[in-house]
Amino acid sequence: MRSYTPKDDVQKKPYYTDRYWVAPQVAKTDVSEDAVFASDLEAIKSKFEVLDAYIQVGQMVVVINAHDNYGVIELLKNELEYNQLSELSAIDWLSSEGKFEIFYQMLSMSKRKRIRVKCKISEKESIQSVEKLFRSADWSEREMYDMFGVVINNHPYMKRILMPDDWEGFPLRKSYPLQGDEFAQWYEVDRIFGKEARDIIGPENRDSARVDRYDTERFARLGHEVPRGADISQGEPDTPLVYQESEGVFMIQKFDAEKSVVISDRDR
Amino acid sequence: MAQHQVNYLKDGGLPVALTTIDKVVNWGRSNSLWALTYGLACCGIEMMASGASRYDFDRFGTIFRASPRQAELMVVAGTLTKKHAEFIRRLYDQMTEPKWVISMGSCANTGGMFNTYATVQGVDRVIPVDLYLPGCAPRPETLQYAVLLLQQKIRRESASRAQKPKRLM
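For the record, the sequence lines run as chains C and E. Just add 2 to the spot in the first sequence (first one is 1) and you have the numbering used here. Just so it is clear: in the second sequence, position 162 is 152 by the numbering used here, and no numbers are missing.
One chain only, chain E, in its complex shape:
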């Protein structure tokens, strides 16, 4: 049992912090990445494990939401079939700006072992992807590392600027 000591009066000198709007906004955005529940295949099991108590996504502020209107992160966890492709695009369009996408696992990255007529060969054919997470399936630690890397990416971005034009359409 460890207890972390935070002394606000002593550590900062005063309970006042000087910073920029960008940093505050990005701090808020990067630490409250609400993810859309989007398990499509076996990677979804690992994503659920990441959200559950042992790996505990909540401590990073990543809470799974069942509605795209409340989500800003889409973790595409699993095989995307061609039949489903239009729905992933529709859900992505329904998410509010700013929004980010993690492509989780081989199937979402490239189609993986499903080199067939029915599988989309990488979700980046349909929606723009910020972070490709390799693995089949990636462990929950890997997904957590991906989210932390995405947080770093968000903190590097300018908060006020409109979203960069994405590569796809």
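Isolated chain C (complex conformation):
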């Protein structure tokens, strides 16, 4: 007999998934259906080991070994006319397979074809940079390192690109909490004031809808302004919205429509 799990609060669980739901798969067709792709695949197979190859949505996907990545991209660029590297990034499969999937999305302007080269590396492995072949790989590989912690060999400037240099953790990993770990939550306080200021400033308020009705240190209701720090638990006086003080401001006159003169003769 199956163990019973209550289902009355499934709407509240943000990551609820149906046990019987199966992720729809995009149909894969054989490479031999497309003559251009078939000849390209033969050229790759003649020099490198190809683990898997198929066509999805009109694009060929080639799965290779991770240590062949530079050679395959070089072959695609120099001999097979795939002259643009349009996208390069990683996918986190660490929880299910213990590996990162690295993909290189290539475009051939002359053949009007797109190829996706994929390879997998484990968390501790590093991968060869293709920045020598495509300058666009420079920032993409830095972003891959910044967000996933994939280390790139032979990259000219291996440094974080989006997060600060002293950041800890890799934010796009599935294991990274969306609202940040402890380092992230205190980052600006530690950086500016030092760790000893944590007690004074206090933890982040992650509920952006929270308004403390009686907090006059930080909030003032428009039309009900009171001096800072006043106790308003017994209610506050109604102060009408005015653009200037009622008794007027020194040397500033209010505009009086009665005293204005309308010029009717524009040629005067």
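Any given hint could turn out to be false.
[Unchecked claim] Computed list of lysine-lysine pairs in DSSO-like fashion (alpha-carbon distance at most 30 Å, straight line): (1) K197(C) x K73(E); (2) K113(C) x K161(C); (3) K197(C) x K89(E); (4) K13(E) x K261(C); (5) K9(C) x K30(C); (6) K73(E) x K126(C); (7) K73(E) x K161(C); (8) K47(C) x K14(C); (9) K89(E) x K176(C); (10) K9(C) x K79(C); (11) K47(C) x K79(C).
[To be verified] What follows is a list of derived Cβ distance ranges for each label pair: (12) A39(E) x K9(C): 47 to 55 Å; (13) P205(C) x Q84(E): 25 to 33 Å; (14) D83(E) x V153(C): 52 to 60 Å; (15) K30(C) x G125(E): 47 to 55 Å; (16) D217(C) x G125(E): 17 to 25 Å; (17) Q84(E) x S128(C): 55 to 63 Å; (18) E131(E) x F185(C): 38 to 46 Å; (19) L138(E) x D10(C): 47 to 55 Å; (20) R129(E) x Q86(C): 37 to 45 Å; (21) S128(C) x E131(E): 50 to 58 Å; (22) L164(C) x G18(E): 37 to 45 Å; (23) D83(E) x L109(C): 44 to 52 Å; (24) E131(E) x W23(C): 45 to 53 Å.
In short, the hints are calculated from the structure, not lab data. Model, not experiment: these values are computed from the prediction. Glycine included, every Cβ here is placed at the ideal spot set by N, Cα and C.
Following the hints, position chain E against chain C.
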């Protein structure tokens, strides 16, 4: 076309005004609030619109300055990321006293919809804020109203007294 009549000889009786130093200083301060150009995100577009000719901040004496040394008002217009937090603190420290801060829009007030690891959850974690301006993004009229409210606040303050100890550090 309206023309405003100002008769100095008649309205005050004499071209002499009796007042206090506080009022004169505060009058000067409140009507020449030079703001630091600090557009961080889409609120910055509204702030630029407020400064341009249709909404015309210049008529309130609010002129945008590109240097913190010449500014006394910081309008934090937009999302403050954690990477940028130390720079906003540095620019705030470089502004000369007295100085005021308007936190413009939801992101600057509370982090807004960016409830993530990379966004500061309200600029008041980093610098003290005088006026929180709600909206996403606030219209230029709203920002102008905020500046007028800040002017009122400045006029209520004592001019000679040193700045109140701010809540933050």
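Here is how each hint holds up against the structure:
1. Distance check on the hinted pair: K197(C) and K73(E) sit about 17 Å apart at the alpha-carbon level, within 30 Å; holds.
2. At most 30 Å may separate the alpha-carbon atoms for a hinted pair to count; K113(C) and K161(C) exceed this at roughly 35 Å.
3. With a C-alpha separation of about 27 Å, the suggested pair K197(C) and K89(E) falls inside the 30 Å cut-off, and the hint holds.
4. Restraint check for K13(E) and K261(C): the C-alpha separation of about 27 Å stays at or below 30 Å, so the hint holds.
5. For the hint pairing K9(C) with K30(C), the CA-to-CA distance comes to about 36 Å; that exceeds 30 Å, so the pair is violated.
6. For a cut-off of 30 Å, the pair hint linking K73(E) to K126(C) stands: about 27 Å separates their Cα positions.
7. Between K73(E) and K161(C), the direct Cα distance comes to roughly 15 Å. Compliance with the 30 Å bound is thereby established for this hinted pair.
8. With a CA separation close to 50 Å, the supplied pair K47(C) and K14(C) exceeds the 30 Å bound.
9. Restraint check for K89(E) and K176(C): the C-alpha separation of about 43 Å exceeds 30 Å, so the hint is violated.
10. Restraint check: the Cα-Cα separation between K9(C) and K79(C) comes to about 53 Å, which exceeds 30 Å; the hinted pair is violated.
11. This hinted pair checks out: K47(C) and K79(C) have alpha carbons roughly 16 Å apart, not beyond 30 Å.
12. Take A39(E) and K9(C): their Cβ atoms lie about 51 Å apart, and the range 47 to 55 Å holds.
13. Between P205(C) and Q84(E) the CB atoms are about 29 Å apart, so this pair conforms to the stated range of 25 to 33 Å.
14. Between D83(E) and V153(C) the beta carbons are some 37 Å apart, a value that contradicts the proposed interval 52 to 60 Å.
15. One distance hint, 47 to 55 Å for the beta-carbon pair K30(C) and G125(E), holds here, with the actual separation near 49 Å.
16. With their beta carbons about 20 Å apart, D217(C) and G125(E) fall inside the hinted range of 17 to 25 Å.
17. The hinted range of 55 to 63 Å is not satisfied by Q84(E) and S128(C), whose Cβ atoms lie roughly 42 Å apart.
18. Evaluation of the 38 to 46 Å hint for E131(E) and F185(C) yields a pass: the beta carbon distance comes to about 41 Å.
19. Between L138(E) and D10(C), the C-beta spacing of about 52 Å keeps the proposed range 47 to 55 Å intact.
20. For the pair R129(E) and Q86(C), the supplied restraint of 37 to 45 Å holds, since their beta-carbon distance comes to about 43 Å.
21. Restraint check, S128(C) to E131(E): a C-beta distance of roughly 55 Å satisfies the suggested window 50 to 58 Å.
22. About 44 Å separates the C-beta atoms of L164(C) and G18(E), a value consistent with the hinted range of 37 to 45 Å.
23. For the pair D83(E) and L109(C), the beta carbons lie near 49 Å from each other, so the given range of 44 to 52 Å is met.
24. The hinted window of 45 to 53 Å between E131(E) and W23(C) holds, with their beta carbons roughly 49 Å apart.
Comparing the model with each numbered hint stated earlier shows that hints 2, 5, 8, 9, 10, 14 and 17 do not hold.
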